[in-house]
Amino acid sequence: MSDDKTHKIPQTTPRYSATFDEYTNSEIRRAAATGIYDIRGAGSKRKLPHFDDLLFLGASVSRYPLEGYREKCGTDVILGARFAKKPIHLKTPVTIAGMSFGSLSGPAKESLGRGATAAGTSTTTGDGGMTQEERGHSQTLVYQYLPSRYGMNPDDLRKADAIELVIGQGAKPGGGGMLLGQKITKRVAKMRCLPEGIDQRSSCRHPDWTGPDDLEIKIAELREITDWEKPIYVKIGATRPYFDVALAVKAGADVVVLDGMQGGTAATQEVFIEHVGLPILAAIRPAVKALQDLGVYRNGKNSVQLIVSGGIRNGADVAKAIALGADAVAIGTAALIALGDNDPHLEEEYNKLGTTAGAYDDWHEGKDPAGITTQDPELMKRLDPIKAGHRLANYIAVMTMEAQVVARACGKSHLHNLEPEDLVALTIEASAMAQVPLAGTSWIPGVTKF
Amino acid sequence: METLNFDLDKKPLREVNQFLHGDAASLNGKSIVIENPNGAHNIAVGLKADVDVTIKGHAGYYAAGMNQLAKVTIEGSAGSGVAENMMSGVVHVKGFASNAAAATANGGLLIIDGDAGLRCAIALKGADVVVGGSVGSFSAFMAQAGNFVILGDAGEGLGDSIYEAKIFVRGTVKSLGADCEEKTTSAEDRKILADLLIKAGHSDVNPDSFQQYGSARTLYHFHVDNAGAY
Amino acid sequence: MCGIVGLLVRNQKMRDSIGELMLPMLIGMTERGPDSAGLAIFGEPVNANERKFNFFAGTADFNWAQFAQDFDKQFSTKSSSAPKANHLVLTTTAAPDLVKAWVKQQYPQLHLLSVGRSMDIYKDVGTPAEVAARYDFKNFKGTHLVAHTRMATESAITPAHAHPFTAGEDWCLVHNGSLSNAHSLRRKLEHLGIEFETDNDTEAACRFLQWRMREGDDLETALNKGFEELDGFYTLLMGTSNQLALVRDPFGCKPAIIAEHPDYVAIASEFRSLAHLPDIKNAKVFEPSPKEMYVWKL
Chain D
1 MSDDKTHKIP
11 QTTPRYSATF
21 DEYTNSEIRR
31 AAATGIYDIR
41 GAGSKRKLPH
51 FDDLLFLGAS
61 VSRYPLEGYR
71 EKCGTDVILG
81 ARFAKKPIHL
91 KTPVTIAGMS
101 FGSLSGPAKE
111 SLGRGATAAG
121 TSTTTGDGGM
131 TQEERGHSQT
141 LVYQYLPSRY
151 GMNPDDLRKA
161 DAIELVIGQG
171 AKPGGGGMLL
181 GQKITKRVAK
191 MRCLPEGIDQ
201 RSSCRHPDWT
211 GPDDLEIKIA
221 ELREITDWEK
231 PIYVKIGATR
241 PYFDVALAVK
251 AGADVVVLDG
261 MQGGTAATQE
271 VFIEHVGLPI
281 LAAIRPAVKA
291 LQDLGVYRNG
301 KNSVQLIVSG
311 GIRNGADVAK
321 AIALGADAVA
331 IGTAALIALG
341 DNDPHLEEEY
351 NKLGTTAGAY
361 DDWHEGKDPA
371 GITTQDPELM
381 KRLDPIKAGH
391 RLANYIAVMT
401 MEAQVVARAC
411 GKSHLHNLEP
421 EDLVALTIEA
431 SAMAQVPLAG
441 TSWIPGVTKF
Chain X
1001 METLNFDLDK
1011 KPLREVNQFL
1021 HGDAASLNGK
1031 SIVIENPNGA
1041 HNIAVGLKAD
1051 VDVTIKGHAG
1061 YYAAGMNQLA
1071 KVTIEGSAGS
1081 GVAENMMSGV
1091 VHVKGFASNA
1101 AAATANGGLL
1111 IIDGDAGLRC
1121 AIALKGADVV
1131 VGGSVGSFSA
1141 FMAQAGNFVI
1151 LGDAGEGLGD
1161 SIYEAKIFVR
1171 GTVKSLGADC
1181 EEKTTSAEDR
1191 KILADLLIKA
1201 GHSDVNPDSF
1211 QQYGSARTLY
1221 HFHVDNAGAY
Chain E
2001 MCGIVGLLVR
2011 NQKMRDSIGE
2021 LMLPMLIGMT
2031 ERGPDSAGLA
2041 IFGEPVNANE
2051 RKFNFFAGTA
2061 DFNWAQFAQD
2071 FDKQFSTKSS
2081 SAPKANHLVL
2091 TTTAAPDLVK
2101 AWVKQQYPQL
2111 HLLSVGRSMD
2121 IYKDVGTPAE
2131 VAARYDFKNF
2141 KGTHLVAHTR
2151 MATESAITPA
2161 HAHPFTAGED
2171 WCLVHNGSLS
2181 NAHSLRRKLE
2191 HLGIEFETDN
2201 DTEAACRFLQ
2211 WRMREGDDLE
2221 TALNKGFEEL
2231 DGFYTLLMGT
2241 SNQLALVRDP
2251 FGCKPAIIAE
2261 HPDYVAIASE
2271 FRSLAHLPDI
2281 KNAKVFEPSP
2291 KEMYVWKL
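Residue numbers (our numbering), protein chains in the order written: chain D, 1 to 450; chain X, 1001 to 1230; chain E, 2001 to 2298.
Everything labelled a hint here was simulated from the structure, so no lab data went into it. Treat the hints loosely; a few may be bogus.
[As the list claims (entries may be wrong)] Below are the DSSO-like pairs computed for lysine-lysine, each with C-alpha atoms no more than 30 Å apart in a straight line:
1) Lys-1071/X with Lys-1191/X
2) Lys-1030/X with Lys-1056/X
3) Lys-1010/X with Lys-85/D
4) Lys-86/D with Lys-72/D
5) Lys-47/D with Lys-352/D
6) Lys-1191/X with Lys-186/D
7) Lys-190/D with Lys-1199/X
8) Lys-2138/E with Lys-1010/X
9) Lys-1010/X with Lys-2291/E
10) Lys-1011/X with Lys-2284/E
11) Lys-1174/X with Lys-2284/E
12) Lys-2281/E with Lys-1030/X
13) Lys-1071/X with Lys-2284/E
14) Lys-1174/X with Lys-2225/E
15) Lys-1071/X with Lys-190/D
16) Lys-1056/X with Lys-2284/E
17) Lys-159/D with Lys-1071/X
18) Lys-289/D with Lys-91/D
19) Lys-2291/E with Lys-1094/X
20) Lys-186/D with Lys-1183/X
21) Lys-85/D with Lys-1030/X
22) Lys-1010/X with Lys-86/D
23) Lys-2284/E with Lys-1199/X
24) Lys-190/D with Lys-1191/X
25) Lys-367/D with Lys-47/D
26) Lys-301/D with Lys-72/D
27) Lys-1199/X with Lys-2281/E
28) Lys-1011/X with Lys-86/D
29) Lys-301/D with Lys-1011/X
30) Lys-1094/X with Lys-2284/E
31) Lys-86/D with Lys-352/D
32) Lys-2225/E with Lys-2141/E
33) Lys-1010/X with Lys-1071/X
Could you build all of it, start to finish, from the sequences and the hints given here?
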């Protein structure tokens, strides 16, 4: 029986492919048009197993919570007491991750310094060297020592409070730095000893050492140059955290900084960000196990501390990272958002750039309307370092207090007394990665029987 | 000139380095001799005084690392990274140097009388390097600035991804790296070369016997046509 | 990562002190390799119809006397054995294949470190100084040796994972570096019938050479094929009954330094380990070029 010719044939609803989704198709078109890979900033944007998949078990009958105010919950942390004459003392375990002057404007680096100092924590230089603004405004400054050695010099080394030897970062473990011509201004070029306006390619390996056996000698050199005063951190992008942390410790690291794939970058290939590295959730327990197996985990003077980063956003993340075994965390992307990055009040400008507030990640182009990831003098003026620094200090204070709220609820008088047993997981993946039981059960996949 | 002797068989290196990091005014003009180095690493690193240091034997890794102002002479061979990140001053290796000699050095002069290993002058940032012998592969990799003079031969991949550093080679080059090409020597370049040869004790060597190399500058901006070079 | 050590004594009068000469070389490589250490020592070969078997027991108090007794009973031989802590050198005329099969069945807890006429292998966990003291390296005599200190990268720290690895009679190898395609190599070679003891990347390099030599390549040809198939960074030092051989990968990142003297040839990862050798001032000290094979014969 055929339909009456006046009725239309019913159509199926247009359906997007989950594999060839809108974003994927647009990227294919862009690649076909340009013949070059897509470069962007920020960290992995995919939905990944993360701290949101973990929950705290607050005190109830079997355990007792702490009251606020009088019943103190300590938040201070000491980093790098193993060998250094002057370890780092921080009031909060939230630190500011390494971000370069070059990828960020001078006022942005100043803001970070101001905010961190007000909050009693440290900032970190990046792949470009130390600026006067940052050293001037940051009370505790960690100086990165990277494969490129841009801006590296012994005078700044001696001015630093700690040295962070960078092997890699979470956004691109195995990759080097990148800064495109539009951000290689006169000042940036001079600091990095490059011609103005060219696209900077950074090497992915250090020039004068390869392997943990030689790393040991390099760390010794940095100690000798600075007369054993400063803690030496080693930063790694999370890939094989058990082996890498063990080797960093054997090579002499005082602190290990572990950066997951959610960790941001100023610029790198999109494919690198999304497809190389581990979510931070999967990296923490193997890293802690390496420290435990070597007898340097919270073991008095002979301790190596662990700082984790990559998608730390709030006090719950801070508390969870510490409960899983970290001593401190580092924030990068979150700090920039606190300063004003991707703020909705600039929506019109984001639209002009073909994007929207919250999604803007073409930081390599140097056109940031918020004046943070740019070297454009007009755009840079939009960021008031004093106001922005104040905002950052507020945000860090909130994160610290949130962590304390959670810790007190679990009966802890110091954040460091949080432990994995205070946590459960909502999903099987998170349970397996963080090695805590699935909520309501005693099951940890791969560890305990169902 | 007042001479001070240190014996690394008897005194820990940390103490020697710490002494050498002392008040520059008290060190200026002094002559320091370090005996029995026996391949120890990190000898005379981080100096920042107008002091003359002689290492009597073979040095390990990073000898005279991050040197400023000082004159350091190694009367033997030097391990990896000799004069790495040097800012100023002079380092003179009388024997051969291992890998990554003058890595990322910003200023000053490194003289090597013998051969240098692989990656000599890697990521050079403005220092001058003169090698009396030959250099290994991947030398001048990503060399950004400075002058690199090689009296002998160069291995594979010379000047790969080079920026603005200048290379002068008297011998043969096994192969050039990406974006590195032959350059004609200007009068200014010739003068730079001649001056360096004299400073390095090669005044008898003819500057015109060198071929100059430098960046072709085609990789300064990402472009699809260069995909093969990456 | 690791430290490697090699020593070939040309001066016959010095061969009785090869252990004393080697000990500071090995200790000098402790920072590069604190986890475990190993040594392959070559000396006077036993008779042509005999072989030396080096066994390793997991425990310190293994009853070697009982083992030797059972062995002689099984093979109707009068073998000679020299036990040291958890290690035994057994010299016998019994056929190697039969010996291997019997030990595998009767004493599966024992690990066979080497078979040969002139080579003994010792390897165990602990610092180089501890391992050296355990087996009395200081008093060893011989013509040449290959030694290694280990800083484990990705495989476990066990005696079996320590170097040297052996791929045939009187043949061994040590390695400094990290291979990036070791797992694929292992699967390919297992498929070709080569047996593996560990997941250590060095063993993959060793068994690769074993395979090539099984197929008829001489060492040089095998190493040249290695440049194509082995991916990663490596300095390899090999010992056979009458020579030492060294090769570095094309990237040349892992260090090596050689001292040639009329009395000896010495090899190490760092000059520090050579500094105390007799008359080192008059040795020709140089670094090997990458992708070239260096051979020193007795």
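Going through the hints against the structure:
| no. | hint | verdict |
| --- | --- | --- |
| 1 | Lys-1071/X with Lys-1191/X | 24 Å, holds |
| 2 | Lys-1030/X with Lys-1056/X | 17 Å, holds |
| 3 | Lys-1010/X with Lys-85/D | 24 Å, holds |
| 4 | Lys-86/D with Lys-72/D | 27 Å, holds |
| 5 | Lys-47/D with Lys-352/D | 27 Å, holds |
| 6 | Lys-1191/X with Lys-186/D | 28 Å, holds |
| 7 | Lys-190/D with Lys-1199/X | 27 Å, holds |
| 8 | Lys-2138/E with Lys-1010/X | 25 Å, holds |
| 9 | Lys-1010/X with Lys-2291/E | 40 Å, violated |
| 10 | Lys-1011/X with Lys-2284/E | 28 Å, holds |
| 11 | Lys-1174/X with Lys-2284/E | 26 Å, holds |
| 12 | Lys-2281/E with Lys-1030/X | 28 Å, holds |
| 13 | Lys-1071/X with Lys-2284/E | 27 Å, holds |
| 14 | Lys-1174/X with Lys-2225/E | 22 Å, holds |
| 15 | Lys-1071/X with Lys-190/D | 26 Å, holds |
| 16 | Lys-1056/X with Lys-2284/E | 17 Å, holds |
| 17 | Lys-159/D with Lys-1071/X | 24 Å, holds |
| 18 | Lys-289/D with Lys-91/D | 26 Å, holds |
| 19 | Lys-2291/E with Lys-1094/X | 26 Å, holds |
| 20 | Lys-186/D with Lys-1183/X | 26 Å, holds |
| 21 | Lys-85/D with Lys-1030/X | 29 Å, holds |
| 22 | Lys-1010/X with Lys-86/D | 28 Å, holds |
| 23 | Lys-2284/E with Lys-1199/X | 28 Å, holds |
| 24 | Lys-190/D with Lys-1191/X | 25 Å, holds |
| 25 | Lys-367/D with Lys-47/D | 27 Å, holds |
| 26 | Lys-301/D with Lys-72/D | 25 Å, holds |
| 27 | Lys-1199/X with Lys-2281/E | 28 Å, holds |
| 28 | Lys-1011/X with Lys-86/D | 24 Å, holds |
| 29 | Lys-301/D with Lys-1011/X | 26 Å, holds |
| 30 | Lys-1094/X with Lys-2284/E | 14 Å, holds |
| 31 | Lys-86/D with Lys-352/D | 49 Å, violated |
| 32 | Lys-2225/E with Lys-2141/E | 35 Å, violated |
| 33 | Lys-1010/X with Lys-1071/X | 24 Å, holds |
In this structure, the hints that do not hold are numbers 9, 31 and 32, in rising order.
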